[in-house]
Amino acid sequence: MSRHISKSKSKALYLYKKAAAVGIQKLSLSAAQLRTSATRASCTDSEEISEGEDWYASHIIQDKDLLRKSLHNSGTGLHVLDLVNRGSLEADRTLYNKLLNRCTQMGRLQQARIVHAHILTSHFKDDLPIHNTILNMYVKCGSLEDARNLFDQMPCKDLVTWTALISGYSQYDRPQDALVLFPQMLLRGLEPNQFTLSSLFKAAGAVSDDNNKHGRQIHAYCLKYGFDTNVYVGTSLVDMYARWGHMDESQLIFDSLETKNEVSWNALIAGHARKAQGEHALRLFWKMLREGFKPTHFTYSSVFTACASAGSMEQGKWVHAHMIKSGAKLVAFVGNTLLDMYAKSGSIEDARKVFDRLVRQDIVSWNSMLTGYAQHGLGQETVQRFEEMLRIGIQPNDITFLCVLTACSHAGLLDEGQYYFDLMKSYNIELQISHYVTIVDLLGRAGLLDRAEKFIREMPIEPTAAVWGALLGACRMHKNIDLGAYAAERVFELDPHDSGPHVLLSNIYASAGRLSDAARVRKLMKDCGVKKEPACSWVEIENAVHMFVANDDAHPQRVEILQMWETISGKIKDIGYVPDTSHVLFFVDQQEREVKLQYHSEKLALAFALLNTTPGSTIRIKKNIRVCGDCHSAIKYVSKVEGREIIVRDTNRFHHFRNGSCSCRDYW
DNA sequence: CTAGGGTTAG
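Under full-length UniProt numbering, the first residue of the first sequence is numbered 1, with each subsequent residue one higher.
Do not take every clue at face value.
[Claimed, not checked] With a straight-line cut-off of 20 angstroms between C-alpha atoms, the simulated EDC-like cross-links for lysine to aspartate or glutamate are:
no.	residue 1	residue 2
1	Lys640	Glu542
2	Lys526	Asp495
3	Lys98	Asp127
4	Lys571	Asp553
5	Lys275	Asp650
6	Lys640	Asp666
7	Lys571	Asp495
8	Lys213	Asp248
9	Lys636	Asp574
10	Lys260	Asp228
11	Lys523	Glu493
12	Lys425	Asp415
13	Lys325	Asp350
14	Lys523	Glu542
15	Lys329	Asp362
These are calculated hints, taken from the structure and not from any lab test.
Kindly produce the complete structure, drawing on both the sequences and the hints.
As structure tokens, this is what we get:
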């Protein structure tokens with residue numbers, strides 16, 4: 001008996017080696033690679049292999065229960081192949097499926113290749129379902145190269161084969177590869193099913209080619225064959241249109257869904273959140289609850305993002321309370337968006353509380369927290385927390401450094417900024433254009449305009465419009481006309497459609513009294529068809545966000561708002577406020593200029609907030625462009641005379657006004 | 001055997 005075993009053992013080993021060799025060719029692997037795979041497999045699965053040896057020692061394995069028990073252990077269970085090789089075990093479909101599933105679940109590519117090689121020597125070498133499973137396994141292990149090789153080598157393919165590869169490409173961010181497979185599949189006479197279509201829509205949502213041709217064509221196909229009633233297909237359609245930014249169509253498809261689930265709602269809500277339509281996203285969230293759907297982590301994550309973009313902390317708090325009641329754990333993926341919501345809607349303290357309560361902080365949590373400190377102008381705090389992060393061994397990434405550099409720039413920490421820029425090399429972090437922009441900003445804000453220009457000239461990569469734009473901004477701040485005009489020219493060349501540089505340059509001229517040059521730049525901007533985004537401010541009062549544009553005369557409370565500003569304006573002039581008209585570019589007399597200034601949107605929002613909030617409460621205003629010098633000065637005085645804390649969120653930072661001064665120390 | 005939704009910067 002024992003002689004028989006040893007004979008069959010050597011024969012099996014010979015076959016296995018041959019099997020591996022055949023597998024090598026089919027898999028386009030070198031023999032060396034496969035040997036490495038095998039070695040690694042035995043290393044990582046060493047426990048199982050020794051366990052396998054024990055089994056071998058205890059004679060022939062025919063007991064199926066014992067086999068099942070072996071597969072219940074952790075690891076891929078690869079050692080059972082040795083038993084097959086030794087002739088102690090018959091490899092049937094179930095066994096191979098179990099091994100393949102195990103490799104898939106654990107994402108073990110090396111072991112997956114070994115099982116594949118083994119199958120090629122068995123009588124399943126031409127079996128279609130088994131090969132589909134192998135293909136799926138490679139996809140789930142993240143190796144689309146292995147998946148594609150196998151796909152190309154399969155003489156017979158069915159719908160599942162094609163769908164598995166299409167879904168692989170769509171999941172791993174190769175939408176074009178997924179989309180080109182579809183017509184090829186149709187040419188071979190195969191028709192898609194709901195699995196194929198939902199993968200294709202996911203892929204199509206990630207590309208926006210000419211008028212989204214691919215996605216729309218597949219949508220038409222889908223309608224023709226009636227697959228759109230499937231909830232997966234329907235949801236992927238909702239998501240596809242949402243990713244293209246076509247929220248009306250997305251909503252239309254959503255409304256037409258016969259069956260919806262929480263994923264459908266999430267796709268729609270996330271779409272609005274991505275487009276910064278926070279109010280809309282929130283309305284949908286409450287509607288989702290009313291209709292009896294249970295929010296998931298995905299939902300909360302999108303809703304907090306929506307609140308962050310809308311700056312609506314009050315509603316964000318309600319949603320937060322709702323999440324706490326639902327008993328959901330504060331995991332990083334959701335917690336990070338919650339943290340960001342508090343930071344962006346003005347409460348760095350609450351953001352910090354969320355950070356401390358997270359189940360586990362990841363790199364995004366740290367980055368969000370640092371960004372929060374940086375945007376609130378807390379430069380020292382940012383640097384300290386960053387140092388703490390390094391001390392406890394958290395590996396920073398490119399975004400971390402961007403936060404820290406931005407913080408240094410905004411807080412005027414010149415030396416620290418340069419030090420951290422150099423430090424990036426020792427953390428092996430690739431310097432990106434945004435890091436260079438921040439350094440130009442850092443030098444420029446500090447008034448070192450020549451050094452900033454020299455830095456740009458010596459950059460190892462080609463400067464972009466953003467780099468010159470940072471220099472231009474610094475020139476405006478320090479009123480350097482010549483260099484500013486030069487920087488502006490570079491920006492016009494590199495990005496002719498941005499209104500920012502035109503506005504900045506005309507501001508530079510205007511503040512130097514060169515009003516005809518200012519007007520010339522304005523005219524140039526108009527002639528080139530460059531459009532300036534209208535300036536707006538928002539303020540949240542009792543769960544509703546109110547919007548204001550400059551010189552708003554359509555507002556229902558218009559008269560009261562203007563009266564309120566008159567009163568305030570008088571009060572702050574009494575304690576020293578002098579309207580600064582240099583930020584206004586119109587050819588008007590002094591009196592009229594002052595009128596224009598008074599109606600800047602943040603002033604209207606502030607007056608409205610003073611009318612509609614209780615005395616002493618904090619006022620939070622959001623702006624879509626930078627606050628002008630005059631408004632900044634006026635708000636400082638208002639914070640003093642009214643005894644209010646006023647928090648203004650700019651496009652890139654926060655201003656905390658309290659008792660006559662601002663957290664930015666007039667440096668922004 | 002094959003399918004859909006979520007985070008940080010600028």
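Hint-by-hint comparison with the structure:
The suggested pairing of Lys640 with Glu542 is violated, with an alpha-carbon distance near 24 angstroms, which exceeds 20 angstroms. With a C-alpha separation of about 15 angstroms, the suggested pairing of Lys526 with Asp495 holds against the 20 angstroms cut-off. Taken as a hint, the Lys98 and Asp127 pair is honoured in the structure, with Cα atoms around 16 angstroms apart against an allowance of 20 angstroms. Proximity of Lys571 to Asp553 is assessed by CA-CA distance (about 24 angstroms); at most 20 angstroms being required, the pair is judged violated.
In summary, the hint linking Lys275 to Asp650 is supported, as the alpha carbons are separated by about 18 angstroms, within the 20 angstroms threshold. A C-alpha spacing of about 16 angstroms is found between Lys640 and Asp666, which places the hinted pair at or below 20 angstroms, so the restraint holds. For the given pair, Lys571 sits about 44 angstroms from Asp495 by alpha-carbon distance, which is inconsistent with the 20 angstroms threshold. Under the criterion of a C-alpha separation no larger than 20 angstroms, the hint pairing Lys213 with Asp248 is consistent with the structure, at around 18 angstroms.
For the suggested pair Lys636 and Asp574, the alpha carbons sit about 14 angstroms apart, so the restraint of at most 20 angstroms is met. Of the supplied pair hints, the one linking Lys260 and Asp228 holds, its CA atoms being roughly 12 angstroms apart against a limit of 20 angstroms. Using a Cα cut-off of 20 angstroms, the hinted pair Lys523 and Glu493 holds, with the two alpha carbons roughly 17 angstroms apart. Taking the CA atoms of Lys425 and Asp415, the gap is about 17 angstroms. The hint holds against a cut of 20 angstroms.
This hinted pair checks out: Lys325 and Asp350 have alpha carbons roughly 18 angstroms apart, not beyond 20 angstroms. Straight-line distance between C-alpha atoms of Lys523 and Glu542 comes to about 42 angstroms, which puts the hinted pair past the 20 angstroms bound. Taking the CA atoms of Lys329 and Asp362, the gap is about 15 angstroms. The hint holds against a cut of 20 angstroms.
Of the numbered hints stated above, those contradicted by the structure are hints 1, 4, 7 and 14, listed in ascending order.
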